[in-house]
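Enquirer: So the chains spell out like this:
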Amino acid sequence: MDHSAYVDAAAATLGLKIAAEHRPGVLQFFGLAANMAALVQGLPLQPHDESGSVFHPVPPQGVERP
Amino acid sequence: MSLDDASVIAARVRAGSGSARDAVAECLARIQATEGRINAFSATLAERALKRAELIDAHPQRHKMPLAGVPFAVKNLFDVAGLPTLAGSKIERDAAPAKRDALLVRRMEAHGAVLVGALHMDEYAYGFSTENTHYGPTRNPHDLSRISGGSSGGSAAAVAAGQVPVTLGSDTNGSIRVPSSLCGVFGLKPTFGRLPRVGSYPFVASLDHLGPFARNVQDLALSYDAMQGPLHGPASDDPACAQRPIEATLPLLEQGAQGLRVAVLGGWFREMALPEAGDAVDAVAQALGTTRLVELPEVERARAAAFLITCGEGAQLHLEDLKKRPQDFDPMTRDRFLANALVPAAWVMQAQRVRHWFARRVARVFETVDVLLAPATPCVAPVIGTEWLQIGERKLPSRASMGLLTQPISCIGLPVVTVPLWGMSSANPHLPIGVQLIAAPWREDHALRVAAQLQAQGLCSAPIARGL
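Top to bottom, those sequences are chains A and B.
For the first sequence, position 43 (counting from the first letter as 1) is numbered 43 according to the working numbering, and the numbering increases by one without interruption.
For the second sequence, position 152 (counting from the first letter as 1) is numbered 152 according to the working numbering, and the numbering increases by one without interruption.
Calculated from the structure, these hints are not laboratory results.
Check each hint, because a few of them may be wrong.
Unchecked claim - Mimicking DMTMM-like on lysine to aspartate or glutamate, the simulated pairs with C-alpha atoms at most 25 Å apart in a straight line are:
(1) Lys-17/A x Glu-271/B
(2) Lys-323/B x Asp-2/A
(3) Lys-323/B x Glu-92/B
(4) Lys-324/B x Glu-50/A
(5) Lys-324/B x Glu-21/A
(6) Lys-324/B x Asp-279/B
(7) Lys-17/A x Glu-92/B
(8) Lys-395/B x Asp-279/B
(9) Lys-395/B x Glu-313/B
(10) Lys-64/B x Glu-54/B
(11) Lys-17/A x Asp-321/B
(12) Lys-17/A x Asp-328/B
(13) Lys-64/B x Glu-109/B
(14) Lys-17/A x Glu-109/B
(15) Lys-64/B x Asp-143/B
(16) Lys-323/B x Asp-8/A
(17) Lys-323/B x Glu-21/A
(18) Lys-90/B x Glu-21/A
(19) Lys-395/B x Asp-2/A
(20) Lys-90/B x Glu-387/B
(21) Lys-90/B x Glu-271/B
(22) Lys-17/A x Glu-320/B
To be verified - One-sided and incomplete, this derived list gives chain B residues near chain A with beta-carbon spacing under 10 Å:
(23) Pro-239
(24) Ala-351
(25) His-356
We put the beta carbon where it would ideally sit given N, CA and C, even for glycine.
Whole structure, please, built from the sequences with the hints as guidance.
Expert: The following block contains the structure:
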């Protein structure tokens, strides 16, 4: 699959300049990430299959637990 | 010149039959004598270390210090007071020097150890080879034409070269286990969240682990035990820190593998390994008397999940520098960081969900097994500059492939001890290869006990490289 249009648009949106000499490498590695994405997207998940990334609330210092 | 292990040095200093100063001076001399061939150190701290050693020698509680006078060094992503925290980069040379040591450095020194230097790594920990363009490759002490592995390449090489008995490194996708395997030393990647990361430069915060390297299991457990314990400052200094109490492992080592259920990982972990890696696992299984085979579900997807989380978090961290000064990145990492900065959020969020799905499935496996065996790397150390690796019909990029077998395991934060075996490669019998001893979360003791037994049986060892 050709990702060049996405790569160019996303880079412009982020304000990231991709020099001509780096573009082939960037496209190659983005393609690798896309292959990995196909693998994770290929696992059917249910809405309750939550993320492995969990936020921990930060209590104020010195406050005892009720 | 003394090249003693940590336990031996500490026992001597505690008893007063040797001094910390002598141990540190011998270590500094060894570094000076060998460093030109290895290139493990980015900084040595002779003045600080000798001063610290003298304080240990004069300390009234010296006889109680478990690491009394033990020289150690750290991957240069750990803060060291007075030094910029390079994290293997050129960019961070411009950073202000660290004001204080990383928490784990302080904990090691509080137990009597003496920091002697900082060690090379792949830029921002993004690599498995330590062929760092800015600082030159760190060479494998057992064959100087070969890579040390990475990203904690300096940490493994320094131990294998006998420069220090203990080092610290980090492991996001395999960066303790890969260099342990290729340099033939013992390494421990604890459970994700076990050791606090305060004062270390992050790579991928939701995957980063810290841990020790050593030349024997006792030294590994001794160092690990010294670094355990909850944060006493704000827990938000490391949101991933699980705030576990100290669960000492050293006193448990003598139990060996007795009573532990051990199985070999099949599927992906056999398919992505060359014969020397499979043979090493078989040798360990035989020594432990197990023939049980276990397969984990969807390992390749779990590896992909770790890959994408690494892409998203790792690149975002450096986005401003990627915009302003891309020319200052190592060519070994630059195009990857640039590409990764563009990865859509949907891919990364799905990867986080797959990660949790995989962790829940693997937890079920650990209901009937205590330790799983898998190769740490697909092969022995490649020659520096190697671009491709052939595994069966697959031609794969060599450097990235060093983490094929570690990445699915760190993805779900399991504790792993890597143990080194020798003579497994008929073409390169002088090179080591590591086996991962993988335990359930928070059961580092299980993996360490099995490692201790394999060491006692003589199957696993970490001799200092000869001829340096």
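Enquirer: Work down the list of hints and note, for each, if the structure agrees.
Expert: Evaluated hints:
As the CA atoms of Lys-17/A and Glu-271/B are separated by approximately 40 Å, the hinted pair breaks the 25 Å bound. Between Lys-323/B and Asp-2/A, the direct Cα distance comes to roughly 24 Å. Compliance with the 25 Å bound is thereby established for this hinted pair. The hinted pair formed by Lys-323/B and Glu-92/B meets the criterion: a straight-line CA distance of about 16 Å does not exceed 25 Å. A hinted pair counts as satisfied when its Cα atoms are at most 25 Å apart, and Lys-324/B with Glu-50/A does not qualify at roughly 36 Å.
In summary, the hint linking Lys-324/B to Glu-21/A is supported, as the alpha carbons are separated by about 17 Å, within the 25 Å threshold. Proposed proximity of Lys-324/B and Asp-279/B is contradicted: the alpha carbons are some 48 Å apart, above 25 Å. The hinted pair formed by Lys-17/A and Glu-92/B meets the criterion: a straight-line CA distance of about 21 Å does not exceed 25 Å. The hinted pair formed by Lys-395/B and Asp-279/B meets the criterion: a straight-line CA distance of about 21 Å does not exceed 25 Å.
With a C-alpha separation of about 28 Å, the suggested pairing of Lys-395/B with Glu-313/B is violated against the 25 Å cut-off. The straight-line distance between the Cα atoms of Lys-64/B and Glu-54/B is roughly 16 Å, inside the 25 Å bound, and the hint therefore holds. Restraint check for Lys-17/A and Asp-321/B: satisfied, since their Cα atoms lie roughly 11 Å apart, inside the 25 Å limit. The suggested pairing of Lys-17/A with Asp-328/B holds, with an alpha-carbon distance near 14 Å, which does not exceed 25 Å.
Under the criterion of a C-alpha separation no larger than 25 Å, the hint pairing Lys-64/B with Glu-109/B is consistent with the structure, at around 13 Å. In summary, the hint linking Lys-17/A to Glu-109/B is not supported, as the alpha carbons are separated by about 45 Å, beyond the 25 Å threshold. Taking the CA atoms of Lys-64/B and Asp-143/B, the gap is about 39 Å. The hint is violated against a cut of 25 Å. Note on Lys-323/B and Asp-8/A: the hinted pairing holds, with a Cα-Cα distance of about 14 Å set against a maximum of 25 Å.
For the given pair, Lys-323/B sits about 15 Å from Glu-21/A by alpha-carbon distance, which is consistent with the 25 Å threshold. For the proposed pair Lys-90/B and Glu-21/A, the alpha carbon gap of about 21 Å is at most 25 Å, so the pair holds. For the suggested pair Lys-395/B and Asp-2/A, the alpha carbons sit about 22 Å apart, so the restraint of at most 25 Å is met. Proposed proximity of Lys-90/B and Glu-387/B is supported: the alpha carbons are some 24 Å apart, at most 25 Å.
Annotation: proposed proximity of Lys-90/B to Glu-271/B is violated, straight-line Cα distance about 38 Å (limit 25 Å). For the hint linking Lys-17/A to Glu-320/B, the alpha-carbon distance of about 11 Å falls within 25 Å, and the restraint holds. At a threshold of 10 Å, the smallest CB-CB gap from Pro-239/B to chain A is about 5 Å, leaving the interface hint in force. At a threshold of 10 Å, the smallest CB-CB gap from Ala-351/B to chain A is about 5 Å, leaving the interface hint in force.
At about 4 Å, the closest approach between the beta carbon of His-356/B and any beta carbon in chain A falls short of 10 Å, and the interface hint on this residue holds.
Checked against the numbered hints given earlier, the structure breaks hints 1, 4, 6, 9, 14, 15 and 21 and satisfies all the rest.
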